[in-house]
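Protein sequences, first through last, are from chains S and P. Once you know that position 224 of the first sequence is 223 in numbering that gives the first Met the number 0, the rest is easy, because the numbers rise by one and skip nothing. Once you know that position 297 of the second sequence is 296 in numbering that gives the first Met the number 0, the rest is easy, because the numbers rise by one and skip nothing.
Note that these hints are calculated values from the structure, not bench results. Quick reminder that beta carbons are idealized off the backbone N, C-alpha and C, glycines included. There may be inaccurate statements among the hints.
Stated by the list, open to error - Here are the in silico distance ranges between beta carbons for each label pair:
id	chain 1	residue 1	chain 2	residue 2	range
1	S	M187	P	R45	20 to 30 Å
2	P	S264	S	M187	14 to 24 Å
3	P	R260	S	S194	18 to 28 Å
4	P	R110	S	R210	15 to 25 Å
Claimed, not checked - A few chain P positions that, by computed beta-carbon distances, are all more than 10 Å from chain S:
id	residue
5	D124
6	A138
7	R305
Said to hold, decoys possible - Here are the computed lysine-lysine pairs in the PhoX-like style, where the Cα-Cα straight-line distance is at most 25 Å:
id	chain 1	residue 1	chain 2	residue 2
8	S	K48	S	K99
9	P	K170	S	K119
10	P	K26	S	K193
11	S	K48	P	K170
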Amino acid sequence: MPIVEKSLVDVDRKEKLELEGIDVSGDWNTFLRSRVQVDLDVRIHDWVKGQPQGETISRCWQCGTCTAGCCMHTDYGLTEFNPRYFIYLAQLGYEEELRKYATTIWRCVSCNKCVERCPKGVKVEEVIHTIGSYLELTGGAPESPADRFDRAYTANLLERGILDEAALFRAYERLEGRSMPAREMLRMGLTLLKSGRLHTGPLAHRTRGWRKLGRVLRETLAEDERRRRASASSVARSQGGRR
Amino acid sequence: MSASAPRGPADTVPAYYPGCSLDGLGKAYEVSAQQVLGRLGLALDRIVDYNCCGATEVKNLSQDVSVALPARNLALARSMDRHQVVAACNGCVYSLARANDAMREPATRGRINATLERGGTPTYDGEASVQHVLEFIYARAGPERVRSAVRRPLAGLTVAPYYGCLYTRPKSLTGVQKTLGTDDPEHPQFLDELLEACGAKVVTDFSAKTICCGGGHALSDLDVSVAFSASILNEARRAGADLVATICPLGQINIENQLDRIRASYGAEVVRPVAYFTQLMSVAFGARVREARLQDNFSRPDLFLRSRGFP
Chain S
0 MPIVEKSLVD
10 VDRKEKLELE
20 GIDVSGDWNT
30 FLRSRVQVDL
40 DVRIHDWVKG
50 QPQGETISRC
60 WQCGTCTAGC
70 CMHTDYGLTE
80 FNPRYFIYLA
90 QLGYEEELRK
100 YATTIWRCVS
110 CNKCVERCPK
120 GVKVEEVIHT
130 IGSYLELTGG
140 APESPADRFD
150 RAYTANLLER
160 GILDEAALFR
170 AYERLEGRSM
180 PAREMLRMGL
190 TLLKSGRLHT
200 GPLAHRTRGW
210 RKLGRVLRET
220 LAEDERRRRA
230 SASSVARSQG
240 GRR
Chain P
0 MSASAPRGPA
10 DTVPAYYPGC
20 SLDGLGKAYE
30 VSAQQVLGRL
40 GLALDRIVDY
50 NCCGATEVKN
60 LSQDVSVALP
70 ARNLALARSM
80 DRHQVVAACN
90 GCVYSLARAN
100 DAMREPATRG
110 RINATLERGG
120 TPTYDGEASV
130 QHVLEFIYAR
140 AGPERVRSAV
150 RRPLAGLTVA
160 PYYGCLYTRP
170 KSLTGVQKTL
180 GTDDPEHPQF
190 LDELLEACGA
200 KVVTDFSAKT
210 ICCGGGHALS
220 DLDVSVAFSA
230 SILNEARRAG
240 ADLVATICPL
250 GQINIENQLD
260 RIRASYGAEV
270 VRPVAYFTQL
280 MSVAFGARVR
290 EARLQDNFSR
300 PDLFLRSRGF
310 P
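Use the sequences and the hints to build the structure in full.
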């Protein structure tokens, strides 16, 4: 039986206790909820390893160096953002537990400190994004803002070869159902326009001869998406069947 | 990929990859970088008709597209007969180096080149190395030549050197050979040394040197990007810095874009002016504040420098 640390501990059980006038309140009576995990399935791990971005997953030996330095975990203080644990769960094939972090995983800011420090050469950042992709592609996981942004960014860039930042900003804000106040937008736009820093709409830069490569890359993107979705779904289906 | 020694005459002038930022929001970076390179007698040859590198976003959707995008730019550099590509944006350096690494594998190289060919683009032979413009200036000119080019020392200014994430990181992609012009990913020094050579007092143990600014998620995770930007400014404040020097357009733009929110959540005393390192170097080399386009920056380092007597 694997030990899946967090969920085994009944964290709410705090004892209020005073012994001979000394406050000894704490986790005295914390007990382990018994849990038996069966049907471990290595196919999630195998799927991640099968993606070029995830192929280093099997090198991980769970030292936690990635998580100790992780800016989301340590600096931002989002303790549930735990790359080591995400990899652990994916290695075990513990999909049910992994799904709890389906949106959290996408909050990785890609600073690559984990990749820099990993003594085993695991490309942690790419591996956990791949785990996130698995969860996202197999459904059940709500789309996360960062994932939506990646898609909006890629679509924008593939249109002209050069990013139209203002159009991306507007498109993404629309996706999230937000909008910048018109006055603020105008003020910012004018400042940037006057100093020659805003190239949007008809003024947008484009790469000469992009049309053809743009089309090829959009096809590649769609094909990758289709292939990934199909293979991830077949893993998820077989997982579901065994549960 | 590690920087390599020049292999031919064409390599004395590397190819320059501007990326989307330097041609748009980061115009001040490009203009001031050209001023600095000119004063140091260094030249870069611009890649025309480049395309966006895909930054860290595209790779989450498709490995092949994320490799093909930078590979096309590297191919263009090779068709200019260059073995070295210099970029000024941390994100660009990262994705170019990442594609370079992926293209070392023959199967990937064949597949990506076939894609590029179908798109009517030159193919990439995998023979270019990638360098950040900071490393390029450090390796080619170095603190000594910078010092002798200074006309108006940045005396009396305390500067916090902010390198940001992805500068020479991860080393598995960028290589670490200081002698060949690659900085240390955990404790970089090049910016410290160049700013010192310009006469500034540099916060050498600046603790936020290589933290992330959250810029990649500036729109999708606002809270994180405000918190990280604020901590960079706050660490600079604690270290007694007057201003923060940046080497990445995304970092610069992200921090400046969050200033109102930082003021509201963390207090106005946290905020200080933020400028591209090339803007500060250009001023030290004698450019007027306006010429170095410091008025472009939303944090208005121009006003600050004028108040310290810089014309």
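Q. Hint by hint, which ones does the structure fall short of?
A. Violated hints: none; all satisfied.
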